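With the hints as constraints, model all of the structure from the sequences given.
Start counting the sequence shown at 1; every next residue gets the next number (the numbering used here).
Treat each hint with caution, since some may be false.
Ranges between beta-carbon positions, derived for each pair [what the hints assert, rightly or not]:
1) Val68 - Leu28: 31 to 39 Å
2) Ile8 - Val100: 15 to 23 Å
3) Ile12 - Val68: 24 to 32 Å
What the hints contain is simulated information worked out from the structure, not anything from laboratory work.
None of these values were measured; they are calculated from a predicted model.
From the three backbone atoms N, C-alpha and C, an ideal C-beta is built for every residue, glycine too.
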Amino acid sequence: LVNPVGIIPVFISMTSYQTAAARNKTNLTANLSVAIILWTSLFLGDAILQIFGISIDSFRIAGGILVVTIAMSMISGKLGEDKQNKQEKSETAIRESIGVVPLALPLMA
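Shown next as structure tokens:
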């Protein structure tokens, strides 16, 4: 599901340190990435699932299980644990572009 209005607070918090020009570049990168991901899914999605031997019904069931798992986590009030070593934390801090990951995939597309 694409929810551009719902992603606005996340986008603002993730790009708060960027200049206006960098924020615009991140926005363009994220939107182009989402468009490519959605078009690829539209035209090649069935073929990709067939290559891996996954039926549409199995994919729906897996998605439902994922949604229920997230919902149960939200109901219980447990926050996900962020496990990173020092190198991963420093790589996250200096990452140039957040337009593709995490904004475009998995948050927007």
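Notebook entry, point to check: Of the hints stated earlier, which fail here?
Noted result: Violated hints: none at all, because every hint is consistent with the structure.
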